[in-house]
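2 protein chains.
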Amino acid sequence: MSFAFRILGSSSALPTSIRFPSAYVVQMHERIFLIDCGEGAQIQLRRYKIKLGRLNHILISHIHGDHTFGLFGLLSSFNLIGREHDLHIYCPPDLESILETHFEMFNIQLNYSLVYHHMNCKQSSIIFEDEKIIVDSFPVKHRIPTCGFLFREKPLPRSLRKDMIENYDIPIKNRPEIKMGADFITRSGEKISNEILTTDPPAPRSLAYCTDTLYHRGLVTKIRGVNLLFHESTFIEDEASRAKETYHSTARQAAMIAREAKVKQLVLGHFSARYKDLNPLLSEAREVFSETELAEDGKIFMIEH
Amino acid sequence: MSFAFRILGSSSALPTSIRFPSAYVVQMHERIFLIDCGEGAQIQLRRYKIKLGRLNHILISHIHGDHTFGLFGLLSSFNLIGREHDLHIYCPPDLESILETHFEMFNIQLNYSLVYHHMNCKQSSIIFEDEKIIVDSFPVKHRIPTCGFLFREKPLPRSLRKDMIENYDIPIKNRPEIKMGADFITRSGEKISNEILTTDPPAPRSLAYCTDTLYHRGLVTKIRGVNLLFHESTFIEDEASRAKETYHSTARQAAMIAREAKVKQLVLGHFSARYKDLNPLLSEAREVFSETELAEDGKIFMIEH
Numbered sequence: 020m021s022f023a024f025r026i027l028g029s030s031s032a033l034p035t036s037i038r039f040p041s042a043y044v045v046q047m048h049e050r051i052f053l054i055d056c057g058e059g060a061q062i063q064l065r066r067y068k069i070k071l072g073r074l075n076h077i078l079i080s081h082i083h084g085d086h087t088f089g090l091f092g093l094l095s096s097f098n099l100i101g102r103e104h105d106l107h108i109y110c111p112p113d114l115e116s117i118l119e120t121h122f123e124m125f126n127i128q129l130n131y132s133l134v135y136h137h138m139n140c141k142q143s144s145i146i147f148e149d150e151k152i153i154v155d156s157f158p159v160k161h162r163i164p165t166c167g168f169l170f171r172e173k174p175l176p177r178s179l180r181k182d183m184i185e186n187y188d189i190p191i192k193n194r195p196e197i198k199m200g201a202d203f204i205t206r207s208g209e210k211i212s213n214e215i216l217t218t219d220p221p222a223p224r225s226l227a228y229c230t231d232t233l234y235h236r237g238l239v240t241k242i243r244g245v246n247l248l249f250h251e252s253t254f255i256e257d258e259a260s261r262a263k264e265t266y267h268s269t270a271r272q273a274a275m276i277a278r279e280a281k282v283k284q285l286v287l288g289h290f291s292a293r294y295k296d297l298n299p300l301l302s303e304a305r306e307v308f309s310e311t312e313l314a315e316d317g318k319i320f321m322i323e324h
Numbered sequence: 020m021s022f023a024f025r026i027l028g029s030s031s032a033l034p035t036s037i038r039f040p041s042a043y044v045v046q047m048h049e050r051i052f053l054i055d056c057g058e059g060a061q062i063q064l065r066r067y068k069i070k071l072g073r074l075n076h077i078l079i080s081h082i083h084g085d086h087t088f089g090l091f092g093l094l095s096s097f098n099l100i101g102r103e104h105d106l107h108i109y110c111p112p113d114l115e116s117i118l119e120t121h122f123e124m125f126n127i128q129l130n131y132s133l134v135y136h137h138m139n140c141k142q143s144s145i146i147f148e149d150e151k152i153i154v155d156s157f158p159v160k161h162r163i164p165t166c167g168f169l170f171r172e173k174p175l176p177r178s179l180r181k182d183m184i185e186n187y188d189i190p191i192k193n194r195p196e197i198k199m200g201a202d203f204i205t206r207s208g209e210k211i212s213n214e215i216l217t218t219d220p221p222a223p224r225s226l227a228y229c230t231d232t233l234y235h236r237g238l239v240t241k242i243r244g245v246n247l248l249f250h251e252s253t254f255i256e257d258e259a260s261r262a263k264e265t266y267h268s269t270a271r272q273a274a275m276i277a278r279e280a281k282v283k284q285l286v287l288g289h290f291s292a293r294y295k296d297l298n299p300l301l302s303e304a305r306e307v308f309s310e311t312e313l314a315e316d317g318k319i320f321m322i323e324h
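First to last, the sequence lines map onto chains A and B.
Note that the numbering used here has the first sequence beginning at 20, numbered continuously upward.
Note that the numbering used here has the second sequence beginning at 20, numbered continuously upward.
Just so you know, the hints here were simulated from the structure itself, not pulled from any lab data.
Note that this is a predicted model, so its numbers are computed, not measured.
Among these hints, one or two may not hold up.
[To be verified] Residues from chain B that keep clear of chain A, each with C-beta distances beyond 12 angstroms, as calculated: (1) R65; (2) L74; (3) F88; (4) S95; (5) S116; (6) D149; (7) P176; (8) N186; (9) E196; (10) I211; (11) D219; (12) E306.
[Claimed, not checked] Rough simulated footprint, nothing fancy, chain B against chain A, three-plus residues with beta-carbon under 8 angstroms: (13) 96-106; (14) 118-126; (15) 176-188.
[What the hints assert, rightly or not] So the derived label-pair ranges between C-beta atoms look like this: (16) B:E119 with A:H48: 40 to 46 angstroms; (17) A:F125 with B:G72: 50 to 56 angstroms; (18) A:R243 with B:K68: 25 to 31 angstroms; (19) A:V239 with B:R293: 20 to 26 angstroms; (20) B:K281 with A:D113: 29 to 35 angstroms; (21) B:I127 with A:R293: 20 to 26 angstroms; (22) B:R293 with A:K151: 32 to 38 angstroms; (23) B:D105 with A:K151: 51 to 57 angstroms; (24) B:P223 with A:F125: 35 to 41 angstroms; (25) B:F122 with A:R236: 33 to 39 angstroms; (26) A:D105 with B:K295: 29 to 35 angstroms; (27) B:D105 with A:N126: 25 to 31 angstroms.
Just so you know, even glycine gets a beta-carbon here, dropped at the ideal spot from N, CA and C.
Please take these sequences and the hints and turn them into a complete structure.
Rendered as structure tokens:
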């Protein structure tokens with residue numbers, strides 16, 4: 020299953036000429052999730068050729084303009100291109116009345132159903148689950164209720180060894196249960212242990228999204244060992260007091276969370292527009308956690324086994 | 020006085036990967052007017068280095084999302100960058116309650132005053148005037164009340180001939196009235212006719228903005244002889260019936276208006292996202308009116324004497 024994280028907008032509250040406000044796409048095989056929807060998200064979705072018809076799930080971390088103002092245009096555009104299938108939106112409860120008031124004011128009647136899933140940003144909850152993946156929301160620490168998101172693959176079935184299939188002439192009907200961990204009884208009544216027949220499947224992959232948030236060690240338990248952590252780093256460590264005041268993090272703080280949670284890779288984003296050069300943020304983070312990269316509009320991070 | 024028309028967004032309702040929704044800047048010397056404010060206008064303003072602090076006037080032609088959804092982000096960003104001086108917004112009356120409801124829903128308190136100037140889109144009116152320029156709004160024909168805009172320089176004073184100043188030894192105090200058309204009486208009582216002393220000033224320049232609108236010959240009187248006419252051409256002539264249905268124009272129709280109004284230059288814009296190649300629109304317009312150009316995001320048209 021392909022598993023990718025695409026940056027659409029890596030700026031914080033103020034966009035720059037090269038960085039849009041917050042918007043990110045998580046693609047897990049055929050599933051497409053848009054996380055946050057800052058102004059211009061629909062333009063970026065088109066620019067990076069994300070198929071709008073296949074986008075059925077939008078997750079909104081919190082109700083600040085730089086994470087939501089792109090919804091107005093995107094939801095209208097879905098109407099204009101003739102969308103009829105449901106669109107699911109996972110968000111703090113107040114967003115529903117905001118959007119419905121907006122549609123009323125602009126006299127917009129949607130041709131499709133907008134299905135609201137109200138999140139409780141005070142506790143961790145499963146907000147989406149199907150046969151292959153689970154998405155959790157969990158609390159981060161911002162000025163207003165804000166959720167982080169954790170995308171996890173479900174454990175894969177064990178891999179059945181081809182040589183063993185031949186060796187023991189294992190019928191097709193028995194194979195699914197063996198992949199789930201069962202032993203095999205041969206026609207002669209011999210019990211072959213599952214360990215002999217199968218190998219471990221690839222470990223499930225995972226991605227965590229944490230913005231907007233203060234440096235908050237409470238996150239570590241939730242995101243431990245993820246393959247990719249996206250963590251905001253609005254400021255550089257020299258401006259740690261400004262970060263604290265505005266409920267944001269520094270690049271160094273993001274790296275400290277990554278190190279403590281033993282994640283595989285850290286991606287920094289949600290940069291203040293004041294930084295023309297982000298290399299100082301990257302450097303200070305890498306001093307703490309070497310596997311760090313900078314978000315950049317359009318960039319895609321593949322999450323491999 | 021420099022006089023320029025800058026395209027920020029040349030698409031119609033749906034943006035494309037290279038065309039933002041409607042937003043245009045008219046720069047008349049130190050005055051900056053933003054006309055319409057589709058999603059992403061603030062990003063384009065930054066990209067093309069328009070000084071946000073000097074933008075004090077926003078004109079909104081009508082209340083459709085592709086002309087207004089960028090206001091939410093832009094007005095918030097003004098707050099974030101510490102704007103304190105007034106911002107004037109010229110718009111159909113309903114926009115005021117829409118914006119005020121929006122600020123309330125997002126808990127946004129502006130640090131600056133937003134001064135609303137309600138336009139009546141049923142009649143032509145002066146909406147802005149200072150010592151050098153006049154801006155009119157006038158009705159165009161769309162599904163909802165919609166205004167076009169006409170920017171005009173006021174007539175310049177006549178040019179006083181240097182050789183005549185020397186010849187008749189014209190004192191400095193007399194010069195302003197001569198520039199306004201007065202004759203000059205020499206010390207010996209001789210009356211020198213203004214025609215001898217002055218030459219005609221350059222003709223005042225003008226620009227008209229017409230979108231969104233049906234093909235509407237009633238516009239001709241209002242925009243006659245302008246230096247630059249921006250006229251929407253959402254569709255190609257083959258789709259004239261679709262244009263009529265949706266209260267839009269074709270490229271050929273825009274050119275017919277330009278020809279009849281004897282304008283100097285026509286700029287086509289507000290293109291439907293369905294056209295990957297706009298050359299057929301340009302060709303059909305040029306058949307009718309040769310001085311036609313296509314709008315393109317970022318492009319600037321200088322209006323010369």
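Consistency of the hints with the structure:
no.	hint	result
1	R65	violated (5 angstroms)
2	L74	holds (15 angstroms)
3	F88	violated (5 angstroms)
4	S95	violated (5 angstroms)
5	S116	violated (8 angstroms)
6	D149	holds (31 angstroms)
7	P176	holds (40 angstroms)
8	N186	holds (55 angstroms)
9	E196	holds (49 angstroms)
10	I211	holds (57 angstroms)
11	D219	holds (43 angstroms)
12	E306	holds (30 angstroms)
13	96-106	holds (count 3)
14	118-126	holds (count 4)
15	176-188	violated (count 0)
16	B:E119 with A:H48: 40 to 46 angstroms	holds (45 angstroms)
17	A:F125 with B:G72: 50 to 56 angstroms	violated (30 angstroms)
18	A:R243 with B:K68: 25 to 31 angstroms	violated (45 angstroms)
19	A:V239 with B:R293: 20 to 26 angstroms	violated (50 angstroms)
20	B:K281 with A:D113: 29 to 35 angstroms	violated (55 angstroms)
21	B:I127 with A:R293: 20 to 26 angstroms	holds (21 angstroms)
22	B:R293 with A:K151: 32 to 38 angstroms	holds (36 angstroms)
23	B:D105 with A:K151: 51 to 57 angstroms	holds (55 angstroms)
24	B:P223 with A:F125: 35 to 41 angstroms	holds (38 angstroms)
25	B:F122 with A:R236: 33 to 39 angstroms	holds (36 angstroms)
26	A:D105 with B:K295: 29 to 35 angstroms	holds (30 angstroms)
27	B:D105 with A:N126: 25 to 31 angstroms	holds (30 angstroms)
The earlier numbered hints that this structure contradicts are 1, 3, 4, 5, 15, 17, 18, 19 and 20.
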